[in-house]
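A.B. asks: This is what each chain is made of:
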Amino acid sequence: MTKDQETELLDRFSLAVFLEAVRCLDENVSTAKEIDIAMRAGAGLPEGPLGHADKLGLDKVLARLQALQAQYGERFQPPERLLALVAAGRTGVEAGRGFLDY
Amino acid sequence: MYVFKAAVLGAGTMGAEIAQVISLSGLPVVLKDVDPAQLERGMEHIRDIYARRVQRGRISEHDAQDRIALVTPQLDYQGFSDVDLVIEAVPEKLELKQAVLGEVEGHVAKTALLATNTSALPVTEVGAKLHKPQRLVGMHFFFPASVMKLVEVIAGAQTEDEAVDSAVEFVEGIRRIGVRVRECPGFLVNRILMAGLAEVFRAEQDLGLGPKEIDAAVAASRLAPMGPYALADALGLDIAQDVSETLKAAYGERFDLGTRITALIAEGKRGAKTGAGFYTYTG
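Chains as they are written, first to last, in my numbering: chain V, 149 to 250; chain X, -19 to 263.
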């Protein structure tokens, strides 16, 4: 596996998980905090998908989604909620706010 | 509403594990099954879990015996009049769950809370034939329940808020993490996890990679505790396929797992339980 392949593989996995978490949030299936707790306690993920994205920086997550959308289509379309957070400067841990508050 | 006494219906692995978790917290629990042999296997499973805890020094032999004594194996509904919470853990068949819950409803107090342990069935439908569907919640314990900390608590369309609150309090009382989930196919965790799994299966095709190197890369990245192929094998490929079909019908093609898993299932390779899946297992 080349370095590029590895990056793409891991990005596609973690962003597919992230996007589904955002859909659950949009559909009021649960809250951001509880989604992250559930994914850690129920799926054993070291970090919840929303907190993980906040840590990476939501502006960077957005850019990566746009690149994957160009390559693979609509399933990587950045969610409205992410666009709104980035536009509001709520780009995650570094900004003090993202999907969660810090 | 505080739960002083609970009952679990169905003494299969899941039912036994749930009864074990309840007893460990110090609450009395009735474990009921219709089959005496199954009931004995369930009790044996509970004793095994406690024996392992004693071996690891997590609990004293004396305390383990006390906790096991909190579990009452039963074939009938004796003493159900003072049961505050019934959790059914019978196989995942809608009609069976409806029948079992409908029957127990006649043996418990009107105020009792009912719970269905399901990972797949809509709580609203499970409760459709009850006199008091407002008292039914979904409680999705993860496998194995004696180890896994999460319980998804799901409100059906008719479930009253107090029932959900009581269920979450109960889950916390038995030292588990209760997360409120609005009813939707796959609920929360399986839905999100399966989205990641399906994307990895597509990446395998697009990038021409193999399961082994993908699992190694995912595990090394610390994004997940184990690689997706090892996870699918552990879950059972037929189960993974079933879950994916449900999610695909509800949300679309992003949950498609591709043709390779179908081919493996057709060859009888249904994962670790059959000795082969994406990997081969010996011993």
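Possibly wrong hints are sitting among the right ones.
Every beta carbon over 10 angstroms from chain V, so not counted as near; a handful from chain X, in silico [unchecked claim]:
hint	residue
1	Met(-19)
2	Arg38
3	Lys129
4	Glu233
Distance ranges between label pairs, derived from CB positions [said to hold, decoys possible]:
hint	chain 1	residue 1	chain 2	residue 2	range
5	X	Ala100	V	Asp207	47 to 53 angstroms
6	X	Lys90	V	Tyr250	28 to 34 angstroms
7	X	Ser40	V	Asn176	55 to 61 angstroms
8	X	Gly37	V	Val241	49 to 55 angstroms
Since the hints were made in silico from the structure, they are not lab data. Glycine included, each C-beta is placed from N, C-alpha and C at the ideal position.
A.B. asks: Please verify that the nearest CB of chain V lies beyond 10 angstroms from Lys129 (chain X)'s CB.
C.D. replies: violated (4 angstroms)
A.B. asks: Take a look at whether the Cβ-Cβ distance between Lys90 (chain X) and Tyr250 (chain V) falls inside 28 to 34 angstroms.
C.D. replies: violated (47 angstroms)
A.B. asks: Please check whether the beta-carbon of Arg38 (chain X) is more than 10 angstroms away from every beta-carbon in chain V.
C.D. replies: Holds, because the least Cβ-Cβ distance between Arg38 (chain X) and chain V comes to about 19 angstroms, which exceeds 10 angstroms.
A.B. asks: Any Cβ of chain V at or closer than 10 angstroms to Glu233 (chain X), or is the non-interface label fine?
C.D. replies: Non-interface label on Glu233 (chain X) violated, nearest chain V Cβ at 8 angstroms vs cutoff 10 angstroms.
A.B. asks: Take the C-beta atom of Gly37 (chain X) and the C-beta atom of Val241 (chain V), compute their distance, and say whether it sits inside 49 to 55 angstroms.
C.D. replies: The hint (49 to 55 angstroms, Cβ to Cβ) is violated, given that Gly37 (chain X) and Val241 (chain V) are roughly 39 angstroms apart.
A.B. asks: With respect to the beta-carbon atoms only, verify the hint that Ala100 (chain X) and Asp207 (chain V) lie 47 to 53 angstroms apart.
C.D. replies: Violated, since Ala100 (chain X) and Asp207 (chain V) (Cβ atoms, about 38 angstroms apart) do not stay within the stated range.
A.B. asks: Against chain V, does Met(-19) (chain X) hold up as non-interface, every C-beta pair farther apart than 10 angstroms?
C.D. replies: Answer for Met(-19) (chain X): holds, closest chain V Cβ roughly 22 angstroms.
A.B. asks: Holds or violated: the 55 to 61 angstroms window for the beta-carbon distance between Ser40 (chain X) and Asn176 (chain V)?
C.D. replies: violated (45 angstroms)
In terms of the numbered hints stated before, the structure departs from hints 3, 4, 5, 6, 7 and 8, listed from lowest to highest.
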